[in-house]
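Chemist: Take a look at the letters that make up each chain.
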Amino acid sequence: MTAPNGIREVDVLISGASLSSAAAAKRLVDSGLEVVALERYALPRHKTCSGIISPRGHRFLIENFGPLPKEILYEPTSCRGVTFHFRGMIQMPMDFDHGTTPHLDRMYSDHWAIKRSKVEVHDKTRLIGIEDRGTHVEVLARRNKEDIRYRTRVVIGADGPNSQTVRCLYPEYRKQINWFTVAQYLHEIIECPLDPEYFHFWFHPVLGYYTWSHERNNRQIVGVGYKAGERLSHRHRMTIEYLAKHYGVKLEPGDERQAVVNNFGLSLINRYVFGKGNVIITGQAAGFLNMIGEGMSCALHSGAIAGEAVAESLHRNTGLQSVYRLMIASEVKRCSDQWNPIKIIFGRPHEADFRGALSNLTARDKRKVIIEILKFLYPWGGYNWGRQMVTQALLRELRGYYLPSRWL
Amino acid sequence: MPQDNLHEIKGNKNRLAPVTPDSLTGVPRQQTNPSRWSGSGWDAFVAELNSAGVNISQSSAARSIYITDGGGVAMGLPRGVLVARSSENVSKTLKAAQKHRVPVTVRGGGLTTEGECVSYGGLQLDMRGMSRVLHIDSANMTVRAEAGIYWHSLAEALRRQGLDYLSAPLNMTSSVGGTLGVGGIDINSPKFGCSADQAISLKVVTPTGYIVECSEQVNPELFEQVLLGYGQFGVITEATLKIRPFTPIRMHYFYYSSLKESIEDLRFLVEEEIADYAGILTMLDRAINLLVAFDSDEREQEFFSRYRSRLRGHGEIGFTLRMAAHYALHPWKVKEALYLLERKRALLPELSPSAHMQDNKMVDRTVVFSRAVWKFWGGRQMVIPDLATSREKFARAVERGNAVCRRYFPNYTLYCVGIRLFGSRPRYELSCIPPDAQDFAYGCEFEPILGDHYYSRDHLQSFKNEIYDIGVDMGTSYYRFGGMMKGYIRRVFNNELVDKHLRIKQEADPAMILNPDVIF
Numbered sequence: 004m005t006a007p008n009g010i011r012e013v014d015v016l017i018s019g020a021s022l023s024s025a026a027a028a029k030r031l032v033d034s035g036l037e038v039v040a041l042e043r044y045a046l047p048r049h050k051t052c053s054g055i056i057s058p059r060g061h062r063f064l065i066e067n068f069g070p071l072p073k074e075i076l077y078e079p080t081s082c083r084g085v086t087f088h089f090r091g092m093i094q095m096p097m098d099f100d101h102g103t104t105p106h107l108d109r110m111y112s113d114h115w116a117i118k119r120s121k122v123e124v125h126d127k128t129r130l131i132g133i134e135d136r137g138t139h140v141e142v143l144a145r146r147n148k149e150d151i152r153y154r155t156r157v158v159i160g161a162d163g164p165n166s167q168t169v170r171c172l173y174p175e176y177r178k179q180i181n182w183f184t185v186a187q188y189l190h191e192i193i194e195c196p197l198d199p200e201y202f203h204f205w206f207h208p209v210l211g212y213y214t215w216s217h218e219r220n221n222r223q224i225v226g227v228g229y230k231a232g233e234r235l236s237h238r239h240r241m242t243i244e245y246l247a248k249h250y251g252v253k254l255e256p257g258d259e260r261q262a263v264v265n266n267f268g269l270s271l272i273n274r275y276v277f278g279k280g281n282v283i284i285t286g287q288a289a290g291f292l293n294m295i296g297e298g299m300s301c302a303l304h305s306g307a308i309a310g311e312a313v314a315e316s317l318h319r320n321t322g323l324q325s326v327y328r329l330m331i332a333s334e335v336k337r338c339s340d341q342w343n344p345i346k347i348i349f350g351r352p353h354e355a356d357f358r359g360a361l362s363n364l365t366a367r368d369k370r371k372v373i374i375e376i377l378k379f380l381y382p383w384g385g386y387n388w389g390r391q392m393v394t395q396a397l398l399r400e401l402r403g404y405y406l407p408s409r410w411l
Numbered sequence: 010m011p012q013d014n015l016h017e018i019k020g021n022k023n024r025l026a027p028v029t030p031d032s033l034t035g036v037p038r039q040q041t042n043p044s045r046w047s048g049s050g051w052d053a054f055v056a057e058l059n060s061a062g063v064n065i066s067q068s069s070a071a072r073s074i075y076i077t078d079g080g081g082v083a084m085g086l087p088r089g090v091l092v093a094r095s096s097e098n099v100s101k102t103l104k105a106a107q108k109h110r111v112p113v114t115v116r117g118g119g120l121t122t123e124g125e126c127v128s129y130g131g132l133q134l135d136m137r138g139m140s141r142v143l144h145i146d147s148a149n150m151t152v153r154a155e156a157g158i159y160w161h162s163l164a165e166a167l168r169r170q171g172l173d174y175l176s177a178p179l180n181m182t183s184s185v186g187g188t189l190g191v192g193g194i195d196i197n198s199p200k201f202g203c204s205a206d207q208a209i210s211l212k213v214v215t216p217t218g219y220i221v222e223c224s225e226q227v228n229p230e231l232f233e234q235v236l237l238g239y240g241q242f243g244v245i246t247e248a249t250l251k252i253r254p255f256t257p258i259r260m261h262y263f264y265y266s267s268l269k270e271s272i273e274d275l276r277f278l279v280e281e282e283i284a285d286y287a288g289i290l291t292m293l294d295r296a297i298n299l300l301v302a303f304d305s306d307e308r309e310q311e312f313f314s315r316y317r318s319r320l321r322g323h324g325e326i327g328f329t330l331r332m333a334a335h336y337a338l339h340p341w342k343v344k345e346a347l348y349l350l351e352r353k354r355a356l357l358p359e360l361s362p363s364a365h366m367q368d369n370k371m372v373d374r375t376v377v378f379s380r381a382v383w384k385f386w387g388g389r390q391m392v393i394p395d396l397a398t399s400r401e402k403f404a405r406a407v408e409r410g411n412a413v414c415r416r417y418f419p420n421y422t423l424y425c426v427g428i429r430l431f432g433s434r435p436r437y438e439l440s441c442i443p444p445d446a447q448d449f450a451y452g453c454e455f456e457p458i459l460g461d462h463y464y465s466r467d468h469l470q471s472f473k474n475e476i477y478d479i480g481v482d483m484g485t486s487y488y489r490f491g492g493m494m495k496g497y498i499r500r501v502f503n504n505e506l507v508d509k510h511l512r513i514k515q516e517a518d519p520a521m522i523l524n525p526d527v528i529f
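Chains B and V, in that order, are what the protein sequence lines are.
When the letters of the first sequence are read in order and numbered with my numbering, they come out as residues 4 to 411.
When the letters of the second sequence are read in order and numbered with my numbering, they come out as residues 10 to 529.
Calculated directly from the structure, the hints in this document are not laboratory data.
From a predicted model like this one, the values you see are computed outputs, not experimental measurements.
Note that CB positions come from ideal geometry on N, CA and C, so glycine has one too.
Incorrect hints may appear among the rest.
As the list claims (entries may be wrong) - Across the chosen pairs, the derived CB separations fall in these ranges: (1) B/V393 x V/D448: 56 to 64 Å; (2) V/G460 x B/Q261: 42 to 50 Å; (3) B/Y44 x V/A53: 33 to 41 Å.
What the hints assert, rightly or not - Calculated cross-link-like contacts (lysine to any residue; reagent style SDA-like; alpha-carbon spacing at most 20 Å): (4) B/K369 x B/H207; (5) B/K336 x V/K342; (6) B/K121 x V/R45; (7) B/K121 x V/P525; (8) B/K346 x V/V382; (9) B/K73 x V/Q40; (10) V/K342 x B/K121.
Assemble the whole structure, with the sequences as input and the hints as a guide.
Modeler: Here it is in structure tokens:
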């Protein structure tokens, strides 16, 4: 509804038009609320992402948005699992539970999901400011240098790691967390012996914090991640040389580079940010990121939970923040469990069998793998996450949940 | 899915990709959380009905009370609501709905758990406007009632003449029509079968709007389709049901520490037809309650003289002593012991409230059990996935389901009953009655005690999925397989059977407007 003063009045305004937004929108639109999603770019828009989604995320997409059309997938259209590589050429291939998963082209998959949610999307519209008036929220956005105003009961911030919603709510937050850059380079393939059915990940502290490779549309992606501000091209060059030397991977020079800033680490130490008042944060903006950097399945589920909490709150007049924080606990558990050393050693928090793959190695290789993983953790020491992770893991064991008091 | 969507996205030919055949093994490529209906044709539909004297409420206040069902997980808002007043007005509505392709979702007491009676933007047809008892025939022991009536209200009317219904779900707000559409289980189901089996004849409005009377003799095909038909083949507006003389019941409780033993004893009671009522309610994995009750003193005496000694359960005092000994040896389980004590203190008096007892017999079992169910197991939502199995698979299925409950919730209850079957009636096909069950089927509900805690839908859904995966693995059926759980229908029944029912549905309901997204 648009008021005479030109202010658009809605029940819920979602910032972002990605997978978590689509999931939240799906719940809200289904329950009959008037919802608008703001997207700063023109849709369909590019998004830097490996595109490998976990089986749980795949199931969510099917059950909520229907079977995946081929147009939203890259070639190869599916991924069988993840292969961990360690120095000394030790390889640990792990198949995903329940078979292969799709290889999403985020440009089209996100657009498909947001359309299937039936939400009204205002693209090319950038969120500028949020003012929570207690009974409602006033939102300022900008399209083509023109200000647009919305009046909404609730705002959901599902606008990714570099979230404008979080910035509006907590201006100092950016300075308090660590930032990383991840870049993927696309290369024409001359020869690549790496199995195209798998996502390859290297535990190699020198190459970078996050080093991976997989095939996409007949090109090979070589990706590296490191502290924000560091030059990634150096790490990328080292990785290319390393792959050529040890794996016989021959690639043309990278002809396309896609980079993204990341708020990595929040799910390791249970430091999520969920918003305040009539504004809630979800998806990667809230800090959700699964191990191996898969963020889509937790974005979808946390987004859906945000939608459910808002629907519950608006339809049944219950406190938004308290309902959301109670409901989101299950996703926090799933996501942080994946990083939790106790769960990794004694449980099975991932959707692939790490312990099974480890048991397939010889005793000597097993020892090497464990030493290599420990060495890989060493450069992370500067972030002081180790103690926090162990404390959170122990408290999780004692209480059965992650402490909500650490959430913002 | 709307084909034009993807043309718009990439401008090339739309193909659906299963990714690869081994992806999500066994999970059908099917959207199970329906999308909100677009609303095209709605205004013309409302206008046509208005001119025919049928008024649809479209106010926000009228619609918002239908936001969810008993499960409290699915939320959907209808565009308009019609409270049914007569078969004729239901008929006019369905005729117009076929013409304008408006989805119609029927609701009785609203106690579905998977959003089956939640309308995602179509018309909500509330049957509770048709809730009169039309005729009680005490000579032939039948009653004719409108289908929107609650069982509890029907019992009240029958009681004045010393009569009672045969069996119905133990809660205050399930309606006759809704129950006949899905089955209906009571603790006397070992004796009378599911509630749907007490129907003698029905007045049904077909999806195309024809008012048809049906029974085993007249229009038997429709009769069999509508009973346990999950609302797919017509709206039941009136029903003639078998009734019986009212009898107060004498309840007895036996306590077990082993789930397996209690299940074996339940099967013994059911299959030897020893008790008139029997069911299991667990409190903890090692505190299990077997309920046994009788309609007559003779049956009760016969049980105590001939069969009691063959049951392995203990009486209350014996069991209390055993549990005291157990917790004395396992003092670290003190929390569990306290929970049990609290449950005993609060729950047991509720099962024999003085207002509903007479000479140590329970006179209003519907009221007593319904109150207890809501008070101790209810909350803001009901999450009760279940497994329905043949006798051979039952104990194993319950044990496996119990292990899943343990991983998801601190406290939960298992509710197990036996169900008498009457041969291989067509109505049992594609229903909660497992295809391999003979003479008796068994059902177990897995009921986490949620209280007023908020869990995410994903947490509850993952729990339900794990329970239902057991069913897929073991080849059982489910009582609640519609709505959001419909992805399991093709997994437990073969495609051929589901397609057969789909063809019948398409023929009966060409626009596929009656209770869409429930089964197909």
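Chemist: If a hint holds in the structure, say so; if it doesn't, say that too.
Modeler: Checked hints:
1. B/V393 x V/D448: 56 to 64 Å: Cβ of B/V393 to Cβ of V/D448: about 58 Å, so the range 56 to 64 Å holds.
2. V/G460 x B/Q261: 42 to 50 Å: Check passed, 48 Å falls within 42 to 50 Å.
3. B/Y44 x V/A53: 33 to 41 Å: Roughly 39 Å apart at Cβ, these two residues keep to the hinted range, so it holds.
4. B/K369 x B/H207: holds (16 Å)
5. B/K336 x V/K342: With a Cα-Cα distance of about 25 Å, the restraint between B/K336 and V/K342 is violated, given a limit of 20 Å.
6. B/K121 x V/R45: holds (8 Å)
7. B/K121 x V/P525: holds (18 Å)
8. B/K346 x V/V382: Given that 20 Å is the threshold and the Cα spacing comes to 37 Å, the pair is violated.
9. B/K73 x V/Q40: OK: B/K73 and V/Q40 at ~16 Å, within 20 Å.
10. V/K342 x B/K121: violated (51 Å)
In summary, the numbered hints that this structure violates are 5, 8, 10.
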